[in-house]
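Student: Residue strings, one per chain:
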Amino acid sequence: NAGVTQTPKFQVLKTGQSMTLQCAQDMNHEYMSWYRQDPGMGLRLIHYSVGAGITDQGEVPNGYNVSRSTTEDFPLRLLSAAPSQTSVYFCASSYRPSGKYYEQYFGPGTRLTVT
Amino acid sequence: AQRVTQPEKLLSVFKGAPVELKCNYSYSGSPELFWYVQYSRQRLQLLLRHISRESIKGFTADLNKGETSFHLKKPFAQEEDSAMYYCALIGAGSYQLTFGKGTKLSVIP
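Protein sequences appear in the order of chains A and B. The numbers in the working numbering rise by one with no breaks, and the one at position 9 of the first sequence is 9. In the working numbering, each residue's number is its place in the second sequence (first place is 1) plus 115.
I should point out that these hints are in silico values taken from the structure, not numbers from a laboratory. These numbers were taken from a predicted model, which means no experiment stands behind them. Note that beta-carbon positions come from the ideal geometry of N, C-alpha and C, so glycine has one too. One or more of the hints may lead you astray.
To be verified - These stretches of chain B come out as covered by chain A in the derived footprint (C-beta under 8 Å, 3 or more residues):
hint, stretch
1, 127-139
2, 179-191
3, 214-223
To be verified - Keeping only pairs whose Cα atoms sit at most 27 Å apart, straight-line, the calculated DSS-like set for lysine-lysine is:
hint, chain 1, residue 1, chain 2, residue 2
4, A, K9, B, K216
5, B, K219, B, K130
6, B, K216, B, K124
7, B, K180, B, K130
8, B, K216, B, K137
9, B, K130, A, K9
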């Protein structure tokens, strides 16, 4: 299994441009999520999905859109990039190996700079 | 509301010295606690989870429900332990992890 993959690894955008960060997983996990990682802030949840066709907002959703048309893919769209969106973005997928608790697996990250 | 607090942004120790990374949490119920590690410019990796009660790379963590703590410990630090460490919490049946802000561990040769 490739696990959780993300593309691109690096991206530089100008203010106002739009782009899509890709995320895919081949583990048939129901739950997928997007986080941003900023110095001193830890990881903050942007959007998440509990299955194909179902998405919801996390802690910091403004400026981002998501969709989940298949179990495997969960792209993150920046509609009009702003310098405040300069960050490292991680995609994750989750499953429940046993019992009550879910376990998350992370992608390698996309480092985005908005100038 | 659930919360994870890691009081130290940076922890520096000498090689061979003991390490303790602190984590406190607030949650009304019985959560699952995790430690994730992120080596320089790499993805987050699960280091250990309290329910497994295992030791990974010499690290252990004990859940203290009375003190609502889940501190990460290692008796003898190695240079390769230098990384960012995140404590995280998830509730029973929940999909969502709540992360602390992380502690950067620097092991001095």
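Student: With reference to the structure, classify each hint as holding or not holding.
Tutor: Hints, verified against the model:
Coverage of a stretch by a chain is defined here by at least three residues with a beta carbon nearer than 8 Å to that chain's beta carbons; for the stretch 127-139 of chain B and chain A the count is 0, and the condition is violated. Closer than 8 Å: that is the beta-carbon criterion, and the stretch 179-191 of chain B has 0 residues meeting it against chain A, so the requirement of 3 is violated. Note: the stretch 214-223 of chain B has 4 residues with beta-carbon separation from chain A under 8 Å; the three-residue rule is met and the coverage holds. Straight-line distance between C-alpha atoms of A:K9 and B:K216 comes to about 23 Å, which keeps the hinted pair within the 27 Å bound.
Under the criterion of a C-alpha separation no larger than 27 Å, the hint pairing B:K219 with B:K130 is consistent with the structure, at around 15 Å. A threshold of 27 Å between alpha carbons decides the hint, and for B:K216 with B:K124 the separation of about 8 Å falls inside it, so the pair holds. A distance of roughly 31 Å separates the Cα atoms of B:K180 and B:K130; the hinted pair therefore is violated under the 27 Å criterion. Proximity of B:K216 to B:K137 is assessed by CA-CA distance (about 12 Å); at most 27 Å being required, the pair is judged to hold.
Distance restraint check for B:K130 and A:K9: the Cα-Cα separation of roughly 33 Å exceeds the 27 Å cut-off, and the hinted pair is therefore not satisfied.
Hint compliance for this structure: hints 1, 2, 7 and 9 are not met, and every other hint is.
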